[in-house]
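Asker: Sequence:
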Amino acid sequence: MKRQDFRFFHRLRVRWAEVDMQKIVFNAHYLMYFDTAIADYWRAIGLPYEAAMEHLEGDLYVKKAVVEFHASARADDQIDVAMRCARIGTSSMQFVCAIFRGDQLLITGELIYVFADPRTQTSRPVPPVLRGILEDYEAGRSVVELVQGEWAALGADAARVRTEVFIQEQAIPMEIEWDEADATALHAVVRNRLGQPLATGRLLTEAPGVGRIGRMAVIRVMRGTQRGADVLKALLAAAWARGDREVVLSAQRSAAGFYARLGFEERGPDFEEAGIPHVEMVRRR
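For this note's numbering, add 1 to where a residue sits in the sequence shown, where the first one is 1.
No wet-lab data here; the hints were simulated from the structure.
One or more hints might be untrue.
To be verified - Cross-link-like lysine-lysine pairs, in silico, DSS-like; alpha carbons within 30 Å at most:
1. 3 to 65
2. 24 to 65
3. 64 to 3
4. 24 to 3
Please build the complete structure, drawing on both the sequences and the hints.
Answerer: Structural data, given as structure tokens:
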């Protein structure tokens, strides 16, 4: 196996606690590495695992797990855990796994999952929509959609994400979260193939030639998957297309680094909004 055989990689660093008396990774941890990586694989294909399996009315159970050792990883190694869905049967799916240190192949493996009824743990056919998502992802095709429009069309999905993130997770009062600006804003929503909204944001007019992006939110399980970046880039493109010369936003302090990586600069001192530290940021065309 070579790196080019895979589309998906999950990087991690070997921890001291995972090394045995031989000063190499204890063999059982490689299965844990595979399990950690496949959780990230579901994020990569746009599926928040628990909600997705509930929607599909099933769950996945490991039927077979194989690990083959070629070389050892050591403490502080940065390793890449690769995953590929290689085959989908009637009710099972085979994942081929590999662990690389740079280009060196350390471990290969195989995981076979069975899609089953969680109440009885009896197998069920893999749903066609799940089969299609897996096949399209491995073929390099998109597995999510980004749509833009008015609140009338996208409000239900945008509200679902914002309720989960701002009201339930961050305890922002409902009367602060909802405002009249939603009715005039351009909204963007990322959805997966199950129709589940994953991320959202909105674009307003701050002043002539100045746009304001706000209500940026990504559901917790999907953070770190570039879905938020997709929303931000789409709203920026819309702002430039309508002639804005700059775009401003109020970033939660903990998210300032995210916006900085996408070209925004801090402007002015920190301030508090809804009990959360914020900073004004701006990006010019």
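Asker: State for each hint whether it applies.
Answerer: We went through each hint and held it up to the structure:
1. 3 to 65: holds, 23 Å
2. 24 to 65: holds, 28 Å
3. 64 to 3: The given pair, whose Cα atoms are some 26 Å apart, holds under the 30 Å limit.
4. 24 to 3: holds, 26 Å
Checked against the numbered hints given earlier, the structure satisfies every one of them.
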